[in-house]
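Take the two lone chains, each set in its own frame, and fit them into one complex as the hints suggest.
Here the protein sequences line up with chains A and B, keeping their order.
Quick note: the first sequence uses this note's numbering, first residue 121, plus one each step.
Quick note: the second sequence uses this note's numbering, first residue 320, plus one each step.
Read the hints as simulated data drawn from the structure, not as lab findings.
Nothing here was measured: the structure is a model prediction, and the numbers come from that model.
Derived DSS-like pairs: lysine-lysine, alpha-carbon spacing no greater than 30 angstroms straight-line:
#1 K468(B) to K199(A)
#2 K272(A) to K206(A)
#3 K206(A) to K454(B)
#4 K199(A) to K445(B)
#5 K199(A) to K454(B)
#6 K336(B) to K324(B)
Beyond 10 angstroms from chain A on every Cβ pair, some chain B residues (computed):
#7 S420
#8 T453
#9 D469
All C-beta atoms in this analysis are idealised placements derived from N, C-alpha and C, irrespective of residue type, glycine included.
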Amino acid sequence: MGLEEKIPEGIALTTVDTMVNWARKRSIWPLGFGLACCAIEMMSTFASRFDVARFGMEVMRSSPRQADLIIVSGRVTQKMAPVLRKLYEQMPDPKWVISMGACASCGGVFNNYAIVQGVDRVVPVDIYVPGCPPRPEQLIDGILKLHAKIEKESLRAKPKSAARTQTADDAAKKADA
Amino acid sequence: MMEDKIRTFLTGRFGDKILSEYSHRGQLSFYVQAQAVREVILALKADSELKFDFLTDITAVDHQGQSWEKEGRFEIIYILTSLKNTSRIILRTKLQEDAASIATLSGDWGCANWLEREVWDLMGIKFEGHPDLTKILTVEELEGHPLRKDFGITYEMPQFSHNSSDIEVVPDNPHH
Ligand code: SF4
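Bound conformation, chain B alone (with noise of 0.2 angstroms):
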């Protein structure tokens, strides 16, 4: 079985570096030490037999507000495909707020450079060795990083009846 492989190898390899797995609906999932996920992705990309080496997307979670917060406010998400195998992991690790920083991909897969670009300019994670860290989506004049819990869901106070006089009609916005 594919999954059991992919557990011996992990397990095997790395120990205590792989902190606990679950599957969902069939996908299975790791969580790995922030400082090594580097090190598990190129080895999974590397062998031969699991051969996982296409790097299907890198995305972020930001937990703030939640309880288990405590355990690292924001989670990086790299989900690799095996190409050989045609089956999929996924790897999750945690990471702490004042210390919102990893190992870049870019020079691994080409494809890494933008997804990581992606990553830092909608939730400010940043990319250790990154060559060209800037952003990718978001217009220039945009301060912080919009996917942030903490950045405000709404632009504009919308003005309804009850509260039209409260409100400034040239917005206090940085970006207007």
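Pulled out of the complex, with its shape left as it was, chain A reads as follows (with noise of 0.2 angstroms):
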């Protein structure tokens, strides 16, 4: 936003990142992304019995434009991996990504033609939640972990995505040379 940059270090720093992040933690807006098996512990996450608003997160958005948390639950597909991107890349910054189980995370079981082995190989990930499907206790465990996270997170750096293509750029330009 640039906003940030202009914030002197120090103390005034310290304690306006404790606000903003103590805010931002407290409502996190997920995005309404379910891709297999997974997504259905997601929902119920979500839903009344776990009831995951609890945490500052009770609605699901349907557009990427709105949101800031990207639960990849499930298998990725080859096929799905350039969408998966895109979303990421069309959500603003701050953003997060938790990997839900097995699948997102490395594959599971599906070491075949049709799924991408681990979802960090498209976007980057901040927690990963083990499990077939991950129970609802885990997943919002992984969501109180990502909240101490982000508890710890500066104005100061860099935005993710800009950070990203900096690092692509980087790349770009040692093979070039």
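Structure, rendered in structure tokens:
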């Protein structure tokens, strides 16, 4: 946004960081994105029995423009991978990714031609939730771990997508040279 | 009885071209000569009494490595339904590996177009005369036909503690 670069470092930034992170972690808006059987557990997590609204994320957005968390819940096919990447890129910063289940994290039992062997080849993952499928409690645990991670973030850090494009640019430059 | 009618119709009309038949849980299957398949199917479709005018599916089996492989590595399966009689019939034909091609039905049923493309994409059976025999399911970069037995099951060698040193981190795989 540019504004955060103008904030002087030190006490002021730390205080602002704490405040902003406190707000961010308590109002994560996940993208409604279910890919396979894991999505059933994700739905259950969001429904009344497990009620993830207790952690400030009761509403799933149907547009990536309004979301800041993508829960990859299930296997990603080779054909879905570009779609997933595009959705990720369409999300505004700051944004986070949870890889839910064995399939999303490493391909699971689907070690074959159709499935991406780990979604971290397509998007940067913040939290991996193991299990096949993980129980809602496990997903909630992953979400709480994400909260802890968000708490440690700083406004000064580069926006994720910008940072990543830069690395890609560097790599391209290196390849050219 | 419907089954008898079908049997008399097929054997009476096509004789030697119907190689054998078997029944599994009341479902009748006929093995047909590969060159005659289209002819037989169209006759079943056109007959006003049997009227097998609904093509449910086209699929294929790879028999590589089986003791009966020499009869033909690939088996193409046509499932036809008669909406008039609410009955179903399965026609099968065997193809040798070096002659893995068969006449298309895409001019006779619109749906055959995509069904045949699927069989081509996953099994590599050529359909002679198909207007657009291209990939339909797999990604563009993928080479080969993944449901063939010799394609290989695993995509990457799984890494365990006992073999981790033998495995390259970047998989030597054309799709990456
Ligand atoms: S990890 Fe298990 S439950 Fe989740 S998508 Fe894969 S197979 Fe389904």
